[in-house]
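Peer 1: Residue strings, one per chain:
Number of protein chains: 2
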Amino acid sequence: MIDFSDIQAAAARLRGKAHVTPIQTCAHIDELTGARVFFKCENLQRVGAFKFRGATNAIASLSDAEAERGVATQSSGNHGQAVALAAKLRAIPAYVVMPNNVPAIKRAAVAGYGAEIIECEPTAAARDRTLDRVASETGAYVVHPYNDWRVMAGQGTAALELCEAVPDLDLVLTPVSGGGLLAGTATSVKHLVPTAQVIGAEPAGADDAWRSFRAGRRITDIKPDTIADGLRAIIGEKPFSVIRARVDDIVRVDDAATIRAMRLVWERMKLVIEPSAAVPVAALLERTIETEGRRIGVILSGGNVDLDRLPWQN
Amino acid sequence: MIDFSDIQAAAARLRGKAHVTPIQTCAHIDELTGARVFFKCENLQRVGAFKFRGATNAIASLSDAEAERGVATQSSGNHGQAVALAAKLRAIPAYVVMPNNVPAIKRAAVAGYGAEIIECEPTAAARDRTLDRVASETGAYVVHPYNDWRVMAGQGTAALELCEAVPDLDLVLTPVSGGGLLAGTATSVKHLVPTAQVIGAEPAGADDAWRSFRAGRRITDIKPDTIADGLRAIIGEKPFSVIRARVDDIVRVDDAATIRAMRLVWERMKLVIEPSAAVPVAALLERTIETEGRRIGVILSGGNVDLDRLPWQN
Chain A
0 MIDFSDIQAA
10 AARLRGKAHV
20 TPIQTCAHID
30 ELTGARVFFK
40 CENLQRVGAF
50 KFRGATNAIA
60 SLSDAEAERG
70 VATQSSGNHG
80 QAVALAAKLR
90 AIPAYVVMPN
100 NVPAIKRAAV
110 AGYGAEIIEC
120 EPTAAARDRT
130 LDRVASETGA
140 YVVHPYNDWR
150 VMAGQGTAAL
160 ELCEAVPDLD
170 LVLTPVSGGG
180 LLAGTATSVK
190 HLVPTAQVIG
200 AEPAGADDAW
210 RSFRAGRRIT
220 DIKPDTIADG
230 LRAIIGEKPF
240 SVIRARVDDI
250 VRVDDAATIR
260 AMRLVWERMK
270 LVIEPSAAVP
280 VAALLERTIE
290 TEGRRIGVIL
300 SGGNVDLDRL
310 PWQN
Chain B
0 MIDFSDIQAA
10 AARLRGKAHV
20 TPIQTCAHID
30 ELTGARVFFK
40 CENLQRVGAF
50 KFRGATNAIA
60 SLSDAEAERG
70 VATQSSGNHG
80 QAVALAAKLR
90 AIPAYVVMPN
100 NVPAIKRAAV
110 AGYGAEIIEC
120 EPTAAARDRT
130 LDRVASETGA
140 YVVHPYNDWR
150 VMAGQGTAAL
160 ELCEAVPDLD
170 LVLTPVSGGG
180 LLAGTATSVK
190 HLVPTAQVIG
200 AEPAGADDAW
210 RSFRAGRRIT
220 DIKPDTIADG
230 LRAIIGEKPF
240 SVIRARVDDI
250 VRVDDAATIR
260 AMRLVWERMK
270 LVIEPSAAVP
280 VAALLERTIE
290 TEGRRIGVIL
300 SGGNVDLDRL
310 PWQN
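Line by line, the protein sequences are chains A and B. Positions 0 to 313 (numbering that gives the first Met the number 0) are the ones given, in order, by the first sequence. Positions 0 to 313 (numbering that gives the first Met the number 0) are the ones given, in order, by the second sequence.
One chain only, chain A, in its complex shape (with noise of 0.2 Å):
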């Protein structure tokens, strides 16, 4: 388990690393939701993501001794850039496990950032099996994307520094997919304003999380469909646990309702934000969730995106 202490602890250690991303808000998406609307803006961060708090706490929580042998993860996203830029702030190799089938850009991000990439065949299998060989090899300490209570502790940081500058919010909202910034983002605002809702957003094409909710238990047998490349991971079990002492609620949105909250985004708060970013959003302007009257914080994940594939585009 975390609790605020753990995220009070990630917060100084992300001091002078990690950005503090500014708070936006947007007279029209207030009109169409009826609502207050703060968006606490990850994809401002350094990396384009929430994701450079976790690997920034973990790798700075490793003592020099484990520190020096480096760290490890797979992750063709954001995570793999956090890491990698984390890495580097400490100083310390970082070994990053990727598919060889993934795009030149994503590749170049990561190696962009000093790490070294260790390619595997394209399945989950391969991933771990190479994962693995890698730790052992270089005894490098391996940064879960989300399965981490360090890591979590560094994703709850946003939602720490989103209420210690808008009082008194009555709901905040993050996209879910394995379960770090939700666990982490409840972690924070349940201490610091008990009466706030807290709620993660899913697409209904990966509602793992939102199953797993309903029944109490992990459910982990679906096959992730969705445009929000972010969130096609599995809800993770340290997370779940947080989550199911912690969150209020789950809800889905369908990949239309993203794309056009993405767009929204775009062209009216001038942000580009990734379809996973979109997902909370969608959901308030569907009205999924109860919004007339209320102050809500948002935490808009990231920003990572092929500007060369809109999804509002053929």
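Note that these hints are calculated values from the structure, not bench results. It should be emphasised that the depicted structure is a prediction, and the values quoted were computed from it without experimental measurement. Heads up, some of the hints might be wrong.
Partial chain A-side listing against chain B, Cβ under 8 Å, derived [what the hints assert, rightly or not]:
id, residue
1, Arg68
2, Trp265
3, Glu266
4, Val271
5, Gly302
6, Leu306
Stretch by stretch, here's where chain B covers chain A in the computed footprint (C-beta under 8 Å, at least three residues) [claimed, not checked]:
id, segment
7, 19 to 26
8, 42 to 53
C-beta atoms are modelled at their ideal positions from N, C-alpha and C, and glycine is treated no differently.
Fit chain B to the known structure of chain A by using the hints.
Peer 2: Coordinates of chain B only, in the frame set by chain A:
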């Protein structure tokens, strides 16, 4: 002429109406330029552009007797939206003259703020004639987009906020078109940081300000040809008088460099900016301006773009 006290007065009028926009940095751009660059995000300003500052200052400056007859302007772009919203906030009528071939989305944006749109033929003469007629029929105060001291003073408030938040800048850069933003910026910067340079960046295909600056007199016989649709106006007489006195240089940037810079800002900074806003960024990236070791402020002027027609796509 305007001086710094006009900008301070404008800042007081804007309080609670305009956003104090965030200032962002980007490690990648710092690396590419060898500088430390501070981006003042006027794309996150209301209506998506700095233009809201000037329009709001002009309209807030009117006496009640002047104001009650409303305000008028001609613009199919950011200034039209800015006047419409500023008038709405003062609860007075706004009349916006637009050519009849303007895309529906631009009409909708202005109409969405409650302004009355008056159509005219798509020629400069028809626009002027129509605006004159509207003004004389309604008695509305005409808010010129740049050739107006109050508008210029409003535009200067962005640089005021920038210089107050970021000490010891060596250089501040803005795009230049009609000249209001550059003139207001120079007035703020030269007062607050007398040692700092102020430079305007202009598309090579619309280089009337560059030519005028070198000639020491306004050169207006230019046919603008640039992707930067916000920078096709000809330098105004009043802003030019300020620019001659207070600006250090004007540089030119070609459209290809502007498009590369725009894409880089979207990709790395996760900010939607329009081509006009990318022009000063391009001047830095191309090293048209000395950057090494300097602390540089850049006004990202706006973020209004057609998301269906991005300049790096066909």
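Peer 1: The structure should be examined with respect to each hint, and the outcome stated for every one.
Peer 2: These are the hints, each one checked on the structure:
Taken as an interface hint, A:Arg68 does not check out: its beta carbon lies about 26 Å from the nearest beta carbon of chain B, beyond 8 Å. Given the 8 Å rule on beta carbons, the hint for A:Trp265 holds: about 6 Å separates it from the nearest Cβ of chain B. At about 6 Å, the closest approach between the beta carbon of A:Glu266 and any beta carbon in chain B falls short of 8 Å, and the interface hint on this residue holds. Among the interface hints, the one on A:Val271 holds; its C-beta lies about 4 Å from the nearest C-beta in chain B, closer than the 8 Å criterion.
With 8 Å as the threshold, the beta carbon of A:Gly302 comes within range of chain B, its nearest partner Cβ sitting at about 3 Å, so the hint holds. Because the closest C-beta pair between A:Leu306 and chain B is about 6 Å apart, less than 8 Å, the hint holds. Counting residues of the segment 19 to 26 of chain A whose beta carbon lies closer than 8 Å to any beta carbon of chain B gives 3, which reaches the threshold of three, so the coverage claim holds. With 4 residues having a Cβ less than 8 Å from any Cβ of chain B, the segment 42 to 53 of chain A passes the three-residue criterion, so the hint holds.
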